[in-house]
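Student: Residue numbers (my numbering), protein chains in the order written: chain A, 3 to 150; chain B, 17 to 503.
Because the hints were derived from the structure by calculation, they are not lab data. Among the clues, some could well be false.
[As the list claims (entries may be wrong)] Derived lysine-lysine pairs resembling BS3-like cross-links, with alpha carbons at most 30 Å apart:
no.: 1; chain 1: B; residue 1: K324; chain 2: A; residue 2: K64
no.: 2; chain 1: B; residue 1: K263; chain 2: A; residue 2: K137
no.: 3; chain 1: A; residue 1: K137; chain 2: B; residue 2: K453
no.: 4; chain 1: B; residue 1: K364; chain 2: A; residue 2: K64
no.: 5; chain 1: B; residue 1: K274; chain 2: A; residue 2: K137
no.: 6; chain 1: A; residue 1: K64; chain 2: B; residue 2: K421
no.: 7; chain 1: A; residue 1: K133; chain 2: B; residue 2: K476
no.: 8; chain 1: B; residue 1: K476; chain 2: A; residue 2: K64
no.: 9; chain 1: B; residue 1: K319; chain 2: A; residue 2: K64
Just so it is clear, the structure is predicted and the values come from calculations on it, not from any experiment.
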Amino acid sequence: MGTPPAVDSPPPPKIMRLLTHNFLKSNVRGTEEGYPLNIEVTTLRIEESPVDREFLLNLLPKVNYPALRSAVRQLAPHCDPPLPEIPDELDASDAEGNENLDDAVVANLHRALFDVYLVEGWLVCPDTGRKFPVKDCIPNMILHEDEI
Amino acid sequence: GRQFSVSGDDVNNNKKTINLVSALARCTLIRSVVELWGAGPTIDDCVQSIQSGNALKIHQEGKHLGSDAIKYEDRNWKITVHTLGSTYTREEHNDMRSKFSFLDFPGRVQMKDPDDEYLFIREVELDAQGGAVYPRHSGVNREIIPENDARPPLACYFGRVLGNSSLGRNWRGSNRIEKYSLKKRAYLGPTSMDAELSLIMTNLAQIQRGSFAFDPFVGTGSILLTAALRGAYAFGTDIDLRVLRGKSQNENIVSNFKQYGLPPPELVRSDNAIYHRHFRNHLPLFDAIVTDPPYGIRAGARKSGPRKDGDVRPILDEHRYDHVAQTRPYAVSDVMADLLNVAASTLKMGGRLVYVIPSMLDFDEADDLPRHACLRLVSVCYQPLQTELGRRTVTMEKIKDYDEKKRSFYSENTWANGAESAEKVANIRDRLLDIAKKKPGYEEKAAIRKQKRKATKEAKKKAKREAAAERVDGTIKYHNVTQQQSC
Chain A
3 MGTPPAVDSP PPPKIMRLLT HNFLKSNVRG TEEGYPLNIE VTTLRIEESP
53 VDREFLLNLL PKVNYPALRS AVRQLAPHCD PPLPEIPDEL DASDAEGNEN
103 LDDAVVANLH RALFDVYLVE GWLVCPDTGR KFPVKDCIPN MILHEDEI
Chain B
17 GRQFSVSGDD VNNNKKTINL VSALARCTLI RSVVELWGAG PTIDDCVQSI
67 QSGNALKIHQ EGKHLGSDAI KYEDRNWKIT VHTLGSTYTR EEHNDMRSKF
117 SFLDFPGRVQ MKDPDDEYLF IREVELDAQG GAVYPRHSGV NREIIPENDA
167 RPPLACYFGR VLGNSSLGRN WRGSNRIEKY SLKKRAYLGP TSMDAELSLI
217 MTNLAQIQRG SFAFDPFVGT GSILLTAALR GAYAFGTDID LRVLRGKSQN
267 ENIVSNFKQY GLPPPELVRS DNAIYHRHFR NHLPLFDAIV TDPPYGIRAG
317 ARKSGPRKDG DVRPILDEHR YDHVAQTRPY AVSDVMADLL NVAASTLKMG
367 GRLVYVIPSM LDFDEADDLP RHACLRLVSV CYQPLQTELG RRTVTMEKIK
417 DYDEKKRSFY SENTWANGAE SAEKVANIRD RLLDIAKKKP GYEEKAAIRK
467 QKRKATKEAK KKAKREAAAE RVDGTIKYHN VTQQQSC
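Chain B on its own, in the form it takes in the complex (with noise of 0.2 Å):
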């Protein structure tokens, strides 16, 4: 029957086979899925184990490919050369190409969408930051270097593509997440969330069409976009009004959301310290919760409460409404403990959490996340960004009801070494600042900061000064009186 079913149709809808192929349509990591025709540690091995099976029959009788394919014989195909973590030129890639010419397809080339892709892979050993550990090339002025070309491959593949993948990077290194990059969006903050690890974070929060899908920490709303993308009723909080208004009628959450014909998200502005006092008391709702909370790295944390300890001063009711709340320091200890708190309650069973948490080397994954009585642990994944700092992206799993009663004992087990943990995050920024100030240059680039900004500061004044002086053009009259009462 039909094995390599390629339908989009085929994803969620669970009566229909659903394979790796039609799971493409959301996965922005996996490039493509290949049917494996051969394979051996050189190109020349590759050829014989393909020599030695039977694909290309199979391919040729052509039953696996439906009554209404498109005939053997005049199917046109491609084949894409992959060379991982080295540059061949486009020679050297024909010379790849012509090693399978004895596959001898009857069907002409065509590069653009061809009926049969191939593709091959030359796989070298790679490092941890994915160069090859012998790099064909030197950094400097790119020449060969001869003890490095001359190594043999570890590994080459040849096979037929069953399907790419639409969302992430091809194999010529574009990442077509272009429609979603947020380059195009109108509304960005310093903290939005690039659109790849959105699109990977709602994939683990496993989040389809009609899911419930909450972030604590909208923003300027990237995460819950992604997830409204995926199909979700979007739901976010802030505790800062201004992100969640945005910048005007054109540039905030909402437009966004329009932007990609999405309909809106509901948004409160309400603290998740205190979550419980905003949210009655509701049966699990949340199919997913993803967020990226706020760790005092480029943007502070704040919850509702005094600025300062100490006498507060009640405020008389004609001043209510225009009051501007106080807000206090939010202690990244606090934030998880309360988040895994809020989802515990309020994820359904087998509901998932995935959050973005930034650590630095000394971060130990077995002890410094912090832990929940009723989450389990899914995954941890990490992403380098400096040589000093990466991010984790982290993904817990309801599996206990939630008791009201344990909620102290809960916040208190949230660091299993205490404040030890909480602190490895909490003082990430102090640190990277200790590391800049080392680095040689450090006070010159600061003082050239420091000029910018003054200079940027100016020119706002003086567009601001010289905007007011052409609105009153031509009411100098008004002008002159506004300036009088206010001197």
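Isolated chain A, as found in the complex (with noise of 0.2 Å):
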């Protein structure tokens, strides 16, 4: 069979952001946390979106500080350009403390949960080592009979 003929393809579709990642878990049978999900990058892209603050500072206390600064190191490797830093810690519940950070620090934070795209990966348990794919950037996370 031939070569197929070039085609320009369209970019892939972009999906599967870090605060998606924030509240994924494995949870295999056996698995106590499985807590957060390693990452493995295949293909990775960034793409800009305006920053909301207010629906920022809505979400910030859901979500789970420690896992969001562990994938976005996770991560930096792959992005280029670099991720601009987000603070090494940051208590996200303390919902006062928030509305008083800066619009920088909360412009650092919106591209770490909304800009950075997973097209193609792996989502890894920590304690099992079991892999999810995302292909087509859709995290596959449906359990196998033998793990319910």
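Put the two chains together into one complex; each comes in its own frame, and the hints tell you how they fit.
Tutor: Take a look at the structure:
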């Protein structure tokens, strides 16, 4: 079979951002915690979006900050241009304190949560090593019948 | 001051006035907001009512219009006539209009976008399906039925239009949801929700800019797309990977969103039956959950687990990533119990769950709807679909914190009448089939459908064969080699 004719393929759809990652866990039978999932990157894409400060501050108390921090660390080597720094520590649940975060910090948090797209890769259970594929930009978290 | 503001900016901005007219920007079922000038049982009574009131005088003075409004003398106008449930000719409409000529508007008549639109409504008694109880024309040859035609109307109204909805049907019956019509979507499935109901559901769910909206049975994303159109951050899950991925790069959920210039939604393939095993315990997250759960009528509901009970073979590591997970049937009673549980635990306090449930005539809203201690019933809206079948759009609101320890208690108390209520929904497919089978001509129609399916299947196979032959045109040698290997 000959090589298929070259076609301008559209860029892969952008989905699976760190906000979603922050909530996903692995719960195959036998896992205690299964959270947070480690990220193995095959393809990654960054696309900027407008910062909605109010929405982000509303969301921040629900975010597990250490999980976000470690996810950013895992993705950083693959990001070009590099991801802006987010604070090492942040008490995300402190709603009042969050109100005082300056715009630059909010913009960096926004970038980390909403603008980094894991197009293709794996989400790996920290306890069992079970890998959940991210393909066609959708994480496939379905447990197999022997994992229920 | 300015009472009648029509600016769309007023809608989601708490600081400015929100009123009925500004809310029109997001309404589907309200056609117009009208300042009533007069009303009465007949058109003549309506005229008299206007003459004894001072609406005209106030409008002539024009204070309510604001300082930069066009002067009364120059304002062009038109009168829209709406004869509910009956058809009249253009001449007859003009006769009705002429009854209001005493108003003597100074400006010109202008049909398109006049400064002032007036509305005359002639109301008659309607039946449950929205048709006239005493129709003016006979169904057969559209002849006028004299006794019905002679009946006086129920009421007549005349007023000045303050605003018209842009999202619903206009007075001439055309549905302007056309922009969002399913017909225009690149990616559709048999279960895609019609645009009108999606718009209504997202209003019932009070979705606005910045809302975090979730659809646990996202399917082709039709409801989620509407939530995103209202400004929500959209998140959807489904157990069916094929429907999530779509048909191709240009025919999937994300491309539909792109079609409307929306940011892409978050999508995860997961099983709502075990939501708590896919997602960590999190503080209530969602402002709204809007969904059309799978009831097994047009699409069967599935959940993770072995196809059959019994020994499950462990999957070897090297096969893990190619393995297609088995799924098992997901009973409607469990679909709803799980949905309400997920809603109760993941909705913010005051957040709303809006879902659609099909029901037949024996469905009792008081007893047969699923319930949850943390959710209160806000409303139920019934829409007839066929003689025997309708669907209800149910809205619930979270009023109590979710207690994980009470999970079993919640599940066990979902159905007031226990299995009976759940069965009413679960059995719909079989019952509809039974009804259809009893109708005359069923056997013949079924045979025709079978023929059609067979023909389509044959045509597809033929097309596939021809396409394969075309591709290897010019490299026949290789084709022969593969042929050999596959024998």
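Student: Are the hints correct? Go through all of them and say.
Tutor: For each hint, the structure was consulted:
no.	hint	in the structure
1	B:K324 x A:K64	violated (39 Å)
2	B:K263 x A:K137	holds (15 Å)
3	A:K137 x B:K453	violated (44 Å)
4	B:K364 x A:K64	holds (11 Å)
5	B:K274 x A:K137	holds (20 Å)
6	A:K64 x B:K421	holds (21 Å)
7	A:K133 x B:K476	violated (37 Å)
8	B:K476 x A:K64	violated (50 Å)
9	B:K319 x A:K64	holds (28 Å)
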